[in-house]
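**Q** Those sequence lines, one after another, are chains A and B.
Quick note: the first sequence uses our numbering, first residue 703, plus one each step.
Quick note: the second sequence uses our numbering, first residue 703, plus one each step.
I should point out that these hints are in silico values taken from the structure, not numbers from a laboratory.
Everything numeric in this text was worked out from a predicted model, so none of it was measured.
Hints may be right or wrong, so weigh each one.
Just so you know, same-sequence chains aren't split out, so a pair can sit in one copy or run between any two.
Stated by the list, open to error - As a list, the in silico DSSO-like pairs of lysine-lysine whose alpha-carbon atoms are at most 30 Å apart:
id: 1; residue 1: 782; residue 2: 724
id: 2; residue 1: 896; residue 2: 782
id: 3; residue 1: 1077; residue 2: 820
id: 4; residue 1: 729; residue 2: 755
id: 5; residue 1: 750; residue 2: 1000
id: 6; residue 1: 785; residue 2: 923
id: 7; residue 1: 867; residue 2: 923
id: 8; residue 1: 858; residue 2: 724
id: 9; residue 1: 1006; residue 2: 729
id: 10; residue 1: 782; residue 2: 762
id: 11; residue 1: 762; residue 2: 724
id: 12; residue 1: 1000; residue 2: 1014
id: 13; residue 1: 1006; residue 2: 762
id: 14; residue 1: 1095; residue 2: 917
id: 15; residue 1: 1084; residue 2: 1048
id: 16; residue 1: 1095; residue 2: 1006
id: 17; residue 1: 820; residue 2: 867
id: 18; residue 1: 1077; residue 2: 762
id: 19; residue 1: 1077; residue 2: 889
id: 20; residue 1: 956; residue 2: 820
id: 21; residue 1: 1000; residue 2: 762
id: 22; residue 1: 729; residue 2: 1077
id: 23; residue 1: 1084; residue 2: 762
id: 24; residue 1: 750; residue 2: 762
id: 25; residue 1: 750; residue 2: 956
id: 26; residue 1: 860; residue 2: 1046
2 protein chains.
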Amino acid sequence: MEYRFARRSDRVEDSFIVEIFKYLQDKEMISFSGGFPNPDSFPVDALKAASQKVFESNGKNVLQYSQTEGYAPLREFISKRYKQVYDLDIPSDEILITSGSQQALDFIAKTFLDPEDKVLIEEPSYLGAIQTFNSYEADFITIHLNEDGIDLVSLKEKLTHDQPKLIYVIPNFQNPSGVSYSEENRKGFAEIVKQFNVIVIEDDPYGELHFTDIKRTPLKKLLPDQTLLMGSFSKTIAPGLRLGWVCAPQAIYKKLFTSKEASDLHSSNLDQQLIFQYLSDNDYDTHIASIRTMYSAKKTQMEKAIDTYFPKSVKVYPCEGGMFLWVVLPEGMSSLDLFYEAVKEKVVFVPGDPFYVGRQHTNTFRLNFSNASEKDIEEGIKRLAKVIEINLK
Amino acid sequence: MEYRFARRSDRVEDSFIVEIFKYLQDKEMISFSGGFPNPDSFPVDALKAASQKVFESNGKNVLQYSQTEGYAPLREFISKRYKQVYDLDIPSDEILITSGSQQALDFIAKTFLDPEDKVLIEEPSYLGAIQTFNSYEADFITIHLNEDGIDLVSLKEKLTHDQPKLIYVIPNFQNPSGVSYSEENRKGFAEIVKQFNVIVIEDDPYGELHFTDIKRTPLKKLLPDQTLLMGSFSKTIAPGLRLGWVCAPQAIYKKLFTSKEASDLHSSNLDQQLIFQYLSDNDYDTHIASIRTMYSAKKTQMEKAIDTYFPKSVKVYPCEGGMFLWVVLPEGMSSLDLFYEAVKEKVVFVPGDPFYVGRQHTNTFRLNFSNASEKDIEEGIKRLAKVIEINLK
């Protein structure tokens, strides 16, 4: 039977991540490819205890249908934390709980995008976002990401010329590049963007995982009516629970609420109450500080290994938080070709290509450090150095 | 700021359910309005024990990112259960775990529907499905539901004339009407449908909650390549965990998988492993049998109360399972008007209107019996009878 799919179904391809998964079956493979938090950071015992409490105190309620907008005390917690950490005022009734922030992205795309509407993204950008916008038949405009943030000259030019409906950015420790916008870049961004009728999607899964205490003002604070701020517990508590959120002005919040209702009614009531119980019984700041220490050490070790073993013609972007290092090979070298060579040496990473729209054989690639052991970082970077050396010649 | 929403955003209205919620704040209100399972049926202690086991045996794994398609042992369980209960062969790699079957509906709509594509639905139909199809800008074709199933003459005529891409049906104990397709109706349906290039969405959240042992062959068995069969643990274990699934032929499964990936990566890993642990440690058949007994008794009590108190000009559809009774008022009487009269007498139900596409002041309404107490059924039906009597005059 010849199935009659929607037009949008033709636009979405298998992601390269699926290709990589094949190689991860090999137990000797060292992987810097994932975007996974380190499981040693998961508060297993505390969550176990919290789950007992939730079942004991609220068993029937937690198993019943619940509110589409999410568990009220959890929304309150998120609102208070924004105030505490960023002095940012977000009323809890403008916070919609979603199944990971990925789902918020889906609802935003669904709410704003007709086919051929334009979305402005950083280059490189998060491949899951590209995939989601693609599934709503968006057209992409890309803006180069510098080491201190988005290119402002290009931003103004493209906003004027292309009138995109949405701008998608990850200002803190971007996936894949690790780039953080400087305070100056953030202010410049806001100055330009406020002159246009465009919505900013500020994706911030890594903001709490900073290795330095430099001020990083949320774009939401600079552009409150124009910004949809997304957050997540995936990188700070546990991704398996699939809990994130989006903060939106009321007029947009209502549309996102309706999308949530038509999509899955609400996120897991158990997971929401479980996380809230955990947050009530434990010191979240102490917990996050321990993740920062763990990841910062891994990042430093990986940078040092790269410095020791990689040829000097290979560059690495500065990284002050998050989970990734971004490597730039000499011009003309293909990280995709390098990937298949590296597989033979039992080490994998994510080649740059899937992080770009319509570009192939780019000379960049992503290394994940959060989920690699000390031993694997040393040995994996050595193996990778060998492969690069050979392919440089 | 004037936001530039997508066209589809204009199509979705607030559901009437939100309106009803307002009245449920009143503690004296008797509600037959929800679509909620009875919380007394939730296996709280068994799930609590299962959650301990999962955290103890698999804590780090259960909190990590997981496979988009769902937890493999859970997919295996569902495959085996179809074989056991219906002698239906569904390979586990054609089962995609979703966050409630509502989410499967969203992915199916996204995969198949371009704006103005036609969807054939029963009249009345599940309002959540109407909302989801609406959000993809579908056009609706409706077919009258008889007491023994869908109207076959009309089905053939409309398939020929309108060439819909999708047919959405709930053959077992439909929400809202409680109607079940007879075996003859199912066979007639399949005979007609197999002549057309159309996909059948067989939504089956209530199939296991039957009060009689009549044979009910899944449409999936009669039309394997054309049918997407959706199921759910919401009505048999707990809706708060948001776990359902869809069974799809490989070519369609791949598209739904991609939708899932772009939407929320995967459903809660904890909830999936929790349900699987529960199913491994407990007798699911015994559990479901106890729900059947509970709901069947409530249904019988409600039918008896209606028979005792309602005017004879009010009809009720036969009901052999599920959670709802469907009431037909005398022609010309509006259940929406009646709703606001009933509110004054402190009893609520769902008027028929939201279950129809573009019809207002219908003479039908839905009563939920699964979540009402013995006392409330007696008293609520009495109150309702009084309101109907007054409005008949």
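**Q** The structure should be examined with respect to each hint, and the outcome stated for every one.
**A** How the hints compare with the structure:
{"no.": "1", "hint": "782 / 724", "result": "between (43 Å within a copy, 27 Å between copies)"}
{"no.": "2", "hint": "896 / 782", "result": "within (26 Å within a copy, 57 Å between copies)"}
{"no.": "3", "hint": "1077 / 820", "result": "neither (45 Å within a copy, 58 Å between copies)"}
{"no.": "4", "hint": "729 / 755", "result": "between (38 Å within a copy, 27 Å between copies)"}
{"no.": "5", "hint": "750 / 1000", "result": "within (27 Å within a copy, 37 Å between copies)"}
{"no.": "6", "hint": "785 / 923", "result": "within (11 Å within a copy, 56 Å between copies)"}
{"no.": "7", "hint": "867 / 923", "result": "within (20 Å within a copy, 46 Å between copies)"}
{"no.": "8", "hint": "858 / 724", "result": "neither (42 Å within a copy, 47 Å between copies)"}
{"no.": "9", "hint": "1006 / 729", "result": "within (26 Å within a copy, 65 Å between copies)"}
{"no.": "10", "hint": "782 / 762", "result": "both (28 Å within a copy, 29 Å between copies)"}
{"no.": "11", "hint": "762 / 724", "result": "between (42 Å within a copy, 22 Å between copies)"}
{"no.": "12", "hint": "1000 / 1014", "result": "within (21 Å within a copy, 77 Å between copies)"}
{"no.": "13", "hint": "1006 / 762", "result": "between (53 Å within a copy, 29 Å between copies)"}
{"no.": "14", "hint": "1095 / 917", "result": "neither (43 Å within a copy, 72 Å between copies)"}
{"no.": "15", "hint": "1084 / 1048", "result": "within (11 Å within a copy, 74 Å between copies)"}
{"no.": "16", "hint": "1095 / 1006", "result": "within (24 Å within a copy, 87 Å between copies)"}
{"no.": "17", "hint": "820 / 867", "result": "both (6 Å within a copy, 29 Å between copies)"}
{"no.": "18", "hint": "1077 / 762", "result": "between (47 Å within a copy, 20 Å between copies)"}
{"no.": "19", "hint": "1077 / 889", "result": "neither (41 Å within a copy, 63 Å between copies)"}
{"no.": "20", "hint": "956 / 820", "result": "both (23 Å within a copy, 27 Å between copies)"}
{"no.": "21", "hint": "1000 / 762", "result": "between (43 Å within a copy, 20 Å between copies)"}
{"no.": "22", "hint": "729 / 1077", "result": "within (15 Å within a copy, 62 Å between copies)"}
{"no.": "23", "hint": "1084 / 762", "result": "between (54 Å within a copy, 29 Å between copies)"}
{"no.": "24", "hint": "750 / 762", "result": "both (18 Å within a copy, 11 Å between copies)"}
{"no.": "25", "hint": "750 / 956", "result": "neither (35 Å within a copy, 35 Å between copies)"}
{"no.": "26", "hint": "860 / 1046", "result": "neither (42 Å within a copy, 58 Å between copies)"}
Hints 3, 8, 14, 19, 25, 26 from the earlier list are contradicted by this structure; the remaining hints agree with it.
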